[in-house]
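Each protein sequence line maps, in turn, to chains A and B. Just so you know, we're using the working numbering here: the first sequence kicks off at 1 and counts up by one. Just so you know, we're using the working numbering here: the second sequence kicks off at 202 and counts up by one.
Hints are computed from structural coordinates only; laboratory data are not their basis. Glycine included, each C-beta is placed from N, C-alpha and C at the ideal position. Be a bit skeptical, because a hint or two may be false.
Quick list of the computed label-pair ranges, beta carbon to beta carbon [unchecked claim]:
| # | chain 1 | residue 1 | chain 2 | residue 2 | range |
| --- | --- | --- | --- | --- | --- |
| 1 | B | Asp213 | A | Asp15 | 27 to 37 Å |
| 2 | A | Ala121 | B | Gly444 | 15 to 25 Å |
| 3 | A | Ala74 | B | Gln408 | 55 to 65 Å |
| 4 | B | Arg472 | A | Glu122 | 22 to 32 Å |
| 5 | A | Asp76 | B | Glu236 | 19 to 29 Å |
| 6 | B | Asp427 | A | Ala35 | 42 to 52 Å |
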Amino acid sequence: MPAVALTRTSEPPLDELTLRRAQRGDERAWRALVARHGPPVHALIWRLLVGRARHRVEDLVQETFVRVLRALPAFDPQGAASLSTWMLTIATRLALNELRRPEPQPLEIDLEAHDRTDGDAERRRLGNAIAAGVAALPDAQRVVFVLREYHGLDYAELAGAIEVDLGTIKSRLARARTALRAHLITALPELGELGELGERT
Amino acid sequence: MTDDDHPLGGIDLAAWEPPPPPPDLADAVMARMREPVGAAALDHGDGGVVDRGPRRRWLAGAAVMVAAVVAAIAIVVGAGDRDETKRLRAELAQAQRQVAALDDKLAALDHKLAALDAARPADVAVPRPGGPIPVPPPTADALPKGCDSEALRARGDDQYWQGNQAAALVAFEAALACKPDDKLVQRVFMASCASMNAAKARKYYAQLAKDRQAALSQVCLRLGIDPVSTPPHRAPPACDRAGLVNQGDEAVQNGAHAAALRSYEGALRCRVDELVVSKAYLAACNGKNAAKARDYYRRLPAGKRNLLSQACLRFGIDPLGDDQP
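Pulled out of the complex, with its shape left as it was, chain B reads as follows:
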């Protein structure tokens, strides 16, 4: 089949070039192929291993109980009577078979669970705006003892990737108290945002490196938390239109569309420009700011409207709609 009327004709898409695969890819794959199938299936991919402890312990306990009952009967009755001994031995053998059967059943259940777990994405609880925090923060006892910043940070990383952002925040704060570090401040800020802790997000935003504030603030803004009381992108005293446009372009590259929109709006206050209007419109669409998107859509040159309307429509925003909810 051919592509009729290709809208990207002439563009060298190969300019978006991936890096080569890691040189040890084959070694890593061979190492994983040598792992038992069950072990590989139990691995969730994020390092987490399914905890089947309670089920296994319950079945193992049941098996031990069966064996213990048979053994107790043997002790009570005694070995005096040969027929009785034979009978008990038969019962013991039967019980052992039952234990073996239970063990097989346990293994089968384990495989089924492993297959189910491998087939579905891990249940990572991620807090949503206004939603509950999934796991309560741990007490200080749950954290590594002493002031070991590395261990605390590792603990926080684990908690964060498991979706326990509030617990991660506690660990990162403890690590930061041990040993102040820029990357730790960033972690504390990220965990504050992810755990919907607005007060801490504001507190740690102020401690972030200045050149990272704008990009990182988007993490919070996407979750509905404004970590700054004043906008991070303020127009410079002199009207630096080109600088603001560059700032906006950079923010777009980082996915910070709300910040980009602010920068483009600053540039438009310096001087109205068709290209910057287009950029502001796209930033509004990408940032899902329907009102601004409609506003800038009206200011687009007529020739560009049809083409650029798609940019908003794919986010469910109709740029021709009215602003009424």
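Excised from the complex, chain A in its bound form:
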């Protein structure tokens, strides 16, 4: 049962004419493409780099689009991957490269980094707890988890995006969910009391 609230974007895909113009190098079409796909690409990289390398998010988002636009003429809209999955794949690989880099600690630690001024406090607490739990996941599990839960990629798309077999995808996803669940139960015990996260073995 896909009980998790997916944040897969509901906006329609880029229309065919705009895509063709973008493939021919039309700057207005490029801008339309960036405007349409900027939020999911930004969200993906922002989530994958949670807990580290946040200063690189904007650079990587730009780099993703630069690579996308340069490779766009060769993109086949009728191919196996949709445009958005293809972009998310490029973004994922860039983020994974970034995560493999040894990173010095940030010079200025923002102790209130997770605090947002908008929204209600409970939702913010939940968001912070999820962020901390996802940050604690190993990179390989985090990628699968974020792509699946927040970008709605199916197992086959996930396997293609990170070039591992379906069995590995499933086991990584299961481990990630179990670890996050354990983290949430501890961080927010009221979830268990409310029955939202009951005991499982």
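Got chain A; can you put chain B on it based on the hints?
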């Protein structure tokens, strides 16, 4: 495909909401698209540009030498003999073609190197516990002249992000000597930890703002340096269990699991509580403290053990194992 038996059922994962992308994203991408491909590839992403100076200079020097030899022959032989002049002109043209070919080869090599550099992560040398410091600290001559705190700080930032933490420390200390500033103290402390300089880490830890000490101490602790002789989280005189638990939760949010564990242990000394035992166990797992993780695992309620065992296993700690190495 569907997800069977989703263990996060009912949880609103969308509560973890990213900020919107910057409004000028499209402008920034268009600006980068207008850059030449080579220039973009040469950029490592952290502002660093690959230095191909020696290679380029060597090839350029070789080309100049070829041309110079041909020119010297022309001067020595003189232009008296027309046939000789023709021959020399032909040789000169050939040499020029060789120079052009070398130039093409140089450009091709540059592109190959750029592609290789773009494909692999930059080699940022980060000192490891017990490892050597990658770059010796610069002498005072290498630092900006005069007492320009901003320039010194910028220099230190550059060095730090290039992985030259010892050099960064020297620059930050010079900046701090120019103009004392809380953020500079933090930089000096971070660079002390990163460069494995325990003495300086302790010295500057004491100068950090009190509310930052606990979080920042983790930077050093992760590298095997304890910047404090006494634990940063001491139990208040009265047994403030709730305060200690909050302190621990806050430390977890900051990734300071060792500090969190200390706080939870303080809370448990006030009163043993099932939830705090769970928190202490998870902090021990996240902080890779195997002995404590096993200790708290044994104290977990039986119903939670199976579920929470994963938290340690993913860090390579078997909570059911014994404490023997």
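Hint by hint, here is what the structure shows:
1. B/Asp213 with A/Asp15: 27 to 37 Å: With a Cβ separation near 32 Å, aspartate 213 of chain B and aspartate 15 of chain A satisfy 27 to 37 Å, so the hint holds.
2. A/Ala121 with B/Gly444: 15 to 25 Å: The hinted range 15 to 25 Å holds for alanine 121 of chain A and glycine 444 of chain B, with Cβ atoms some 19 Å apart.
3. A/Ala74 with B/Gln408: 55 to 65 Å: holds (56 Å)
4. B/Arg472 with A/Glu122: 22 to 32 Å: At roughly 26 Å between Cβ atoms, glutamate 122 of chain A and arginine 472 of chain B fall inside 22 to 32 Å, so the hint holds.
5. A/Asp76 with B/Glu236: 19 to 29 Å: Given range 19 to 29 Å: holds, Cβ gap about 27 Å.
6. B/Asp427 with A/Ala35: 42 to 52 Å: holds (50 Å)
Hint violations for this structure: none, all hints satisfied.
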